[in-house]
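Starting from the known structure of chain Y, fit chain L onto it as the hints suggest.
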Amino acid sequence: MNVTANPSTMAGSTVETEEIKVSIRNLYKIFGDDPASVLDRVKDGMPKAELLEKHNHVLGLKDINIDMPAKRLQVIMGLSGSGKSTLIRHINRLIDPTAGEILIDGEDVLSFDKKQLLEFRRHKASMVFQKFGLLPHRTVEENVAYGLTIQGISRKEATEKGHYWIERVGLSGFEARYPGQLSGGMQQRVGLARALATDAEILLMDEAFSALDPLIRTDMQNILLDLQEELHKTIIFITHDLDEALKIADNIAILRDGEVVQQGDPQEVIMNPADEYVTDFVADINRGRHVRLRSVMDREALPSGPVLPGSTPLEESLKPLSDAPDNVLSVVNRKGERIGAVSLKTVIDAMGAGQGIGQGADGTQNRYR
Amino acid sequence: MEFLTEFPTMGRTDLRDLKKAIDAGFREFSRSYGEGLEDFFHPLLKFMVWFEKLLVNTPWPIVLLVISALVWLGSRSWKMVTGTLACFLVIGYLDMWEDTMATLAIVSVATLLCVAVGLPIGILMARSNRAQTIITPILDVMQTIPSFVYLIPVVMLLGIGKVPGLIAVCIYAIPPMVRLTNLGIRLVDREVLEAATAFGADYRQKLFGVQIPLALPNIFAGVNQTIMMALSMVVIASMIGVAGLGVPVLRAVSNQYLALGLMNGLAIVALAIIFDRVSQTFGRRLQAHRNEGAGE
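Residue numbers (this note's numbering), protein chains in the order written: chain Y, 1 to 369; chain L, 370 to 665.
Capping the alpha-carbon separation at 27 Å, the derived lysine-lysine pairs in DSSO-like fashion look like this: (1) Y:K43 <-> Y:K54; (2) Y:K115 <-> Y:K156; (3) L:K575 <-> Y:K114; (4) Y:K319 <-> Y:K345; (5) Y:K131 <-> L:K575; (6) L:K575 <-> Y:K124; (7) Y:K335 <-> Y:K71; (8) L:K575 <-> Y:K156; (9) L:K575 <-> Y:K161; (10) Y:K335 <-> Y:K319; (11) Y:K161 <-> Y:K71; (12) Y:K131 <-> Y:K71; (13) Y:K115 <-> L:K575; (14) Y:K161 <-> Y:K131; (15) Y:K114 <-> Y:K124; (16) Y:K124 <-> Y:K161; (17) Y:K156 <-> Y:K124; (18) Y:K115 <-> Y:K161.
Derived from the structure by calculation, the hints contain no laboratory data.
Note that the coordinates shown come from a computational prediction; the quantities given were computed from them, not determined experimentally.
In isolation and in its complexed conformation, chain L is listed as follows:
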C-alpha cells in the first residue's frame, strides 16, 4: 500500500549525490570559465558604467533638455513632452533623480542589447522552421522560469554587480523581441514577397527592402514589450547589486517603509508610461502609409 500513497522517490542519498554532482560540476565550470566570461563582458561593463556616470554627472537641466528633445523627436507631441517634463521634475523634487538616472541607464542598455541580439535571432527564426522549433521552447523557458532560479548560476559565474544584473534583465526581456520579429516577418504578405522575387531581388534586398519594413509594426511592439519587461525586472536586478530605483524599493519591503516604496514604485511606473507612449507613437509614425490609408 505504501507504494501507492508515497510516490516512489530515487532515495535520499542518491538524490543528494546527484544535486552535489551538478553543483560541483557547475562550480568547476565557473572556476575555469568565470574569469574568461568576465573578461568577455568587460567592455559591456565599461559601457554601462560610462553611460550611468554620464546620466548622473551631467547637470540635471541638460539631461531634462535632452530627454524632452528625444520625446519630441519620437512623438512629435507637445502634450507628451509636457507630461514627461512634469514627471521628471516631480521625481527630482522628491529626491529620486540619481536612482532614476541609474534605472534609465540599465533599461536603455538592456533594451539596446536585446534589440541587437533579438532582431537577428528573430530573423533567423522566420527564415527557418527548424530554427523556430528549436528556439521557441528556449524562449518559453526564459519567460516562465522564476527569475530567482537563473539568478543563482548567473551570480555564481559573474558574481554580484551590474553585468550579471544586466544579463538577468536581458534573459527576461528578450523573448518578446525575438517572438515579435519572427511573427512580423512571417506575416508579410506572400504576394508582395513573391513580387520582389519575381523582379530579381536577392535575399538582402528582400530582407531590408520588404520584410523588415513591413514587419516594423510588430518589431516595434516587440521593442515596446522588451522595454516594459526590462523595467519590471529593475527590483529583482537590484538584489544582485544593480543601482537604481529598485534598491529603495527593496529597502522599503524589508523595513516596511510604505511611503518610500510607493514613491519609488510610482517613479518606475512613470518611466514605464513615458517609454511606452513614446516608443509606440514613434513606431506608428514610421508607418506613414498606414495612417493615411484611405480610398480603398
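The following block holds chain Y by itself, in its conformation from the complex:
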C-alpha cells in the first residue's frame, strides 16, 4: 500500500495552530413556505418530525458549527437525507440558509451582493458534482475550460490552461470528445479538471466519486490525493462511504438528520464513536487498514530497539512486529521521538475490532503525527 499517498502522513509535524479557511457558524436551514416563522421553534428544540407534522416545514440543517482548516481535506459524511449535500451548497450559496454565518477567510459569504457572489464562485470556490454536471454539447476541452471562459479569459489562454489540467487527470487524447462518449470515470476526471482549472483555493466535492464503480473510485481517490499533495487546496468532500472518508480525510464531520453528531480527527472517530449512530457506521470498516499504530499503542512503555512510525496502519505493522524481538516495537512520531510501544497482541486484538480498544485510544485527539 502506498503510504505516502495519504495526506494524513503528509500533514507532517503541524502542531502549529491551523489557519481556518471556511467557518460555518450556527447554520440553520429549514425548507417550507415561511422558514423564518418556525426558526425559533427549531432553536427551542422542536424535533424534525413534529416540525413537519405541525408546521409543514422540513428541517434541513440544525445548528451546524464546523471550522475547516486551510489546505486540508475536510470530509462531511452522512447517510442520504442527513443534509450533507444541502450543507455543501451553502458554502458557495447555491442554497441560502435560514439563519447563521458562513465565513470564508473571515468574510461572511451571506453579505455578498450579486456581483461579489459571482466573483467568489468564479475565482475562489469551484465544485465537482456527483453526476458530473458536464455540458453535453461541449467537448472535453471546452468543458475543462468552462470556468475560465466564464471568468472572461480569452479562449486561447483558457484552452491552453485547460490542456495542462486535461493532461494532469490523464485524459490527453480525448480533448475533442463529447462527455457522452466517455465512461463515468473519465467524465468525472473532466469534472475534476474543470474544477481545478479555475485555480480556486476551495474545492467543493459533492459525492464526487459515489457514482463510480469501486475500482475506478479507488483510482480517482488516488488521483485526488496525489494532486492534493502538490496543490494544497482546501477541499470539502461529501461522501456517504466511511472507507472513502477514512482514506482521504484530514478531518471528518459526521451529519445525522441535519445535525453534526461528531467531528474531528478520523482516528478519534474510529476509536471513540460519539454515539450509536457513529458506532454502527464504524462497525463495518476495515480496522487493519484505517486504524493507525498511534491509536492503539501503550503510552507508558518506552522500550529501546527497532521503531515504527505512529502513522503506520495496523495491517502493515504485523510483519515487522512478528519479526521483532518479543514481538514488541517502539512507536515514533514524525520527528523520530519515541512516543509509545505496541505488541503484536495489541495490534491483533485491535484489528479484531469489537470492544475494548477504546481504552487504548484515550487522548488520541492530540495530533502527534
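Chain L in isolation, oriented as in the chain Y frame:
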C-alpha cells in the same frame, strides 16, 4: 315547466344591444387606432412585398439554384436536393411557379416573425411560473379558436391584404414555437445548470451557453411545427387577399375544379415536406454530440 325545457336567456333586445355595443366599441377602436396600427405594420408590409417580388422576379434558374443550395446547407444530403429540384420543376412545369413563390414568401416571413417573437416569449415563460400561467391559456385560445373568428377583427382593423393575412397566419402558427421553447428550457438538466451557476455563470451566460443550446432539439421541433402550421393556413389567408397557392385552391372549391384544386393542394404538400425534412435534419445536425453518443 317552460323554465326547464327552454334555457332562460338574457332576452332578445338585451342581447342585441350587447352585441351592438361590442361591435360599436370595436369599430370605434379600429377607427381611432386602425391607421396607427397600419403605419406600425408598414415596414413589415414593405419587407413582404420586397421579398415576394424578389422571389417572383428573379429568373427561375437562379431561384432553383439558391433553393438547392439552401437545402444542401441544411441537410447535407444529395437525395434531398434532388427531390426538392424535381418537386420545383414539376411545379413550374404545371404553371404554379408564381403562386408557389408567393406562398414561399409569406411562409418564410411568417416563420421568421414567429421565431423572432415566439423565442423570447418562450424564454420568459420558462423563466417565470407566473408568466407561464398567464400565457398558456392565451396560447390555448390561439390554437383552438376557429381562424375565421379572429379574421373578423383583424380585417376590421387592417382591412384586406398581406399584413392582416400574415397576422392571421402568425396567430395560428406561433403557439408551438412558444410552447416548445418553454418546454425545452424547462427540461434542461438541473445538475448541468447548477454546475454553471456554481462556476459563476451569470444569467446571460447560462441562457446562451447552457439553456438554449441544450433546448435546441425542442426549439427546432417548434420551428418545424410553426412552418407546418403556417403552410396549412395558406388557403384561409388567401380569403383575405394573400396571394399564393391558396387562391387557386379557393377558386377550385367554389367552382368544383377538381384538377386545379388537386394540383395546387399537392404543391402545398410538396412545400411542406421539403420544409419539414430540411428543418429536421438541420436541427439534428446541430446536435452533433447526440448523434455520436456512444460508450455509455
